[in-house]
Amino acid sequence: MIDPHLLASGIIFGLSMGSIFFLMTIGLSLCFGLMRVISLDQLLYYAIGAYVTYSLSMVTGSLWLGVLGGAAVGGIAGFAVERLVYLRIYQRDITFSMITSFGMLIGGVGIIKYFWGLVPRPVPVPITVQIDILGTAVPAYRLVVIAIALLAYAGIWLFLNRTIVGKAIRAGIEDVEHVEGLGINVSRLFTVTFIIAGSLSALAGGLHAPLIMVDPQMGLEVLAFAFMVVIIGGLGSIKGTLVSGFLVGQVVSLGSLVYAPLAQMAPFAIMLLILLLKPTGLYGSPLLKR
Amino acid sequence: MNVLRWWGGLLLAFSLLVLLRVFLPLPFANEIVIFSIYAMGCNFLLGRIGFISFGQPAYLAVGAYAAAFYLYYFGANAYIGLLIGVAAGLLVSFVVGPLFVRLRSDYFALVNLALAVIIYYLMQKVLADITHGDNGLWFLTNLSATPVLDLSSPNEFFIFALALAFVVWAFYKYLDDTVYGACCLATKANEDKLRFLGYSNFRIRLLAFVIANTTTALAGALYAVYLGFVSPEITSPMRAADPVVVTLLGGAGTLYGPLVGSIAYTGMKDLVSKAVGNWELIIGFGLVFIMLAGEKGIWGTLEPILKKMLSRARIFAVTGRDGADNP
Numbered sequence: 001m002i003d004p005h006l007l008a009s010g011i012i013f014g015l016s017m018g019s020i021f022f023l024m025t026i027g028l029s030l031c032f033g034l035m036r037v038i039s040l041d042q043l044l045y046y047a048i049g050a051y052v053t054y055s056l057s058m059v060t061g062s063l064w065l066g067v068l069g070g071a072a073v074g075g076i077a078g079f080a081v082e083r084l085v086y087l088r089i090y091q092r093d094i095t096f097s098m099i100t101s102f103g104m105l106i107g108g109v110g111i112i113k114y115f116w117g118l119v120p121r122p123v124p125v126p127i128t129v130q131i132d133i134l135g136t137a138v139p140a141y142r143l144v145v146i147a148i149a150l151l152a153y154a155g156i157w158l159f160l161n162r163t164i165v166g167k168a169i170r171a172g173i174e175d176v177e178h179v180e181g182l183g184i185n186v187s188r189l190f191t192v193t194f195i196i197a198g199s200l201s202a203l204a205g206g207l208h209a210p211l212i213m214v215d216p217q218m219g220l221e222v223l224a225f226a227f228m229v230v231i232i233g234g235l236g237s238i239k240g241t242l243v244s245g246f247l248v249g250q251v252v253s254l255g256s257l258v259y260a261p262l263a264q265m266a267p268f269a270i271m272l273l274i275l276l277l278k279p280t281g282l283y284g285s286p287l288l289k290r
Numbered sequence: 001m002n003v004l005r006w007w008g009g010l011l012l013a014f015s016l017l018v019l020l021r022v023f024l025p026l027p028f029a030n031e032i033v034i035f036s037i038y039a040m041g042c043n044f045l046l047g048r049i050g051f052i053s054f055g056q057p058a059y060l061a062v063g064a065y066a067a068a069f070y071l072y073y074f075g076a077n078a079y080i081g082l083l084i085g086v087a088a089g090l091l092v093s094f095v096v097g098p099l100f101v102r103l104r105s106d107y108f109a110l111v112n113l114a115l116a117v118i119i120y121y122l123m124q125k126v127l128a129d130i131t132h133g134d135n136g137l138w139f140l141t142n143l144s145a146t147p148v149l150d151l152s153s154p155n156e157f158f159i160f161a162l163a164l165a166f167v168v169w170a171f172y173k174y175l176d177d178t179v180y181g182a183c184c185l186a187t188k189a190n191e192d193k194l195r196f197l198g199y200s201n202f203r204i205r206l207l208a209f210v211i212a213n214t215t216t217a218l219a220g221a222l223y224a225v226y227l228g229f230v231s232p233e234i235t236s237p238m239r240a241a242d243p244v245v246v247t248l249l250g251g252a253g254t255l256y257g258p259l260v261g262s263i264a265y266t267g268m269k270d271l272v273s274k275a276v277g278n279w280e281l282i283i284g285f286g287l288v289f290i291m292l293a294g295e296k297g298i299w300g301t302l303e304p305i306l307k308k309m310l311s312r313a314r315i316f317a318v319t320g321r322d323g324a325d326n327p
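Chains as they are written, first to last, in this note's numbering: chain D, 1 to 290; chain S, 1 to 327.
Hints may be right or wrong, so weigh each one.
[What the hints assert, rightly or not] Covered stretches of chain D, as calculated for chain S (at least 3 residues, CB under 8 Å):
| # | region |
| --- | --- |
| 1 | 93-106 |
| 2 | 199-205 |
| 3 | 220-233 |
| 4 | 268-274 |
Calculated directly from the structure, the hints in this document are not laboratory data. Treat the numbers as computed from the prediction; the structure is a model and nothing was measured. Here a beta-carbon is modelled for each residue, glycine too, at the ideal position from N, C-alpha and C.
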């Protein structure tokens, strides 16, 4: 039987992993829901966010400034990419966006290599305090990460349900033509969504940076997990992304407690199982292509 | 005459390849031939049934590792290694195929890429005891000389690979002419109407999936035999876009697209990696540029022009006048 202390810290570890997964993939999910594009370049903003966090926290000494700066840079990058590239491929088949964004992801690795070099960089953890939960010492930083993810979820929920732009985005996920017919500038809506998605992905990168080493390939390394999270949760569903983010986080964390190689394999098994039962994921809509 | 015309294009393309062999260094020629077989599977999936697969490296790795396991641990005959690689590809695509082809094409792409990444981890970490992890399996010295064509010598390997590519090519060309080929195009164009006609979309897609991925596994096994070495690098996510890039570069769904694409891509990569160390930048943004510039690819653009020139020449030969102004 697993030691209860180990189990408790495993659960906290899984929750913080899940929080990162959620923030990382929410952009992918939002972009699919509204624009029907698969935006793999969100993982590039994740890597860029981590690198900007690294640089800023080296200069200013504060991780939080770095995370904010990273999110801002991610948002700007998302804006630029949307204007330059996505504007031209909204009308095309969905697979086009996938290939194009994959190209940007790989090209982005090249950009990161150009600016920061190949060597992985460590980022110091800002909060080194350990908090005692049920007799188990848990690093407070992980709890902060979980709190930020939940806050982000609440923020997105409020934005989508309480503001007029958010409501327009939600309506757009249901039916873009009708929203356009109401006289709402859909193109601007797309841009706003992209900025939000880019900065949330960069936020995930910034928060993840102290827990791992930042290296140029980090966006590609999490690719498999990002895919699992969106596939299990269902593309386009925000609630589904949260649930499946935490699910995959727990499976990775608790799976590695049972048998180390399970950490990489178990989420895949779960993904296959869920796809067998429900081909659109847990909360995915059966809505087909536009 | 018709028979001649059917084989004519293929023979021409392959005699050009043989000619290429005279001018190009051997490793480059080998790379092109194997890569064109690799891209053919992806080309078939994308061009015929409209499913894009980002996980072709997964099936490449299945073929390569199956051949490598045999050649490293059990035997020395490269032919048997190739056969085992193909059989493994067939098996794996029959197991995962029914699960994958039920999905929508966007989920299909995602799931395939996930599979590639999983196989990468499987080979790198989980099965590290038998795959030697990142060090890979080296078995070049294990290979014994095979009868007829000695696959352990690069020169004879090229002849073998070329013949094999020719057979695979003829097979795909034949497939295009059959009812099944028409069904594949129909399931891409309108699956509801095809179901109405009494065909099963699922079966057509499954068969296409199995054919395409067995071809890919064959390419993987060829890589393993040719290099005498297999490492998890073969299925790394960085290379997931390779066959898709080649397919689009050549022109998706065209017969000669994979060949033209692999020549262009291999050449480009060779030149780029010689000129600059940072090849991701060039390949990545090159991909974006190709996608934005057009979707027909090199061969897709060239083919109509060539045909037009050809028909003009024919009219000229018959009437003695240029066919352009007096059709």
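- Assertion that chain S covers the region 199-205 of chain D - criterion: three or more residues, beta-carbon distance below 8 Å: violated (count 0)
Verdict on chain S covering the region 268-274 of chain D, where coverage means 3 or more residues with a C-beta closer than 8 Å: holds (count 3)
The region 220-233 of chain D covered by chain S? Criterion: 3 or more residues, Cβ-Cβ distance below 8 Å.
-> holds (count 7)
**Message:** Quick check: do three or more residues in the region 93-106 of chain D have a beta carbon closer than 8 Å to a beta carbon of chain S?
**Reply:** holds (count 11)
Hint 2 from the list above is the single one not met by this structure.
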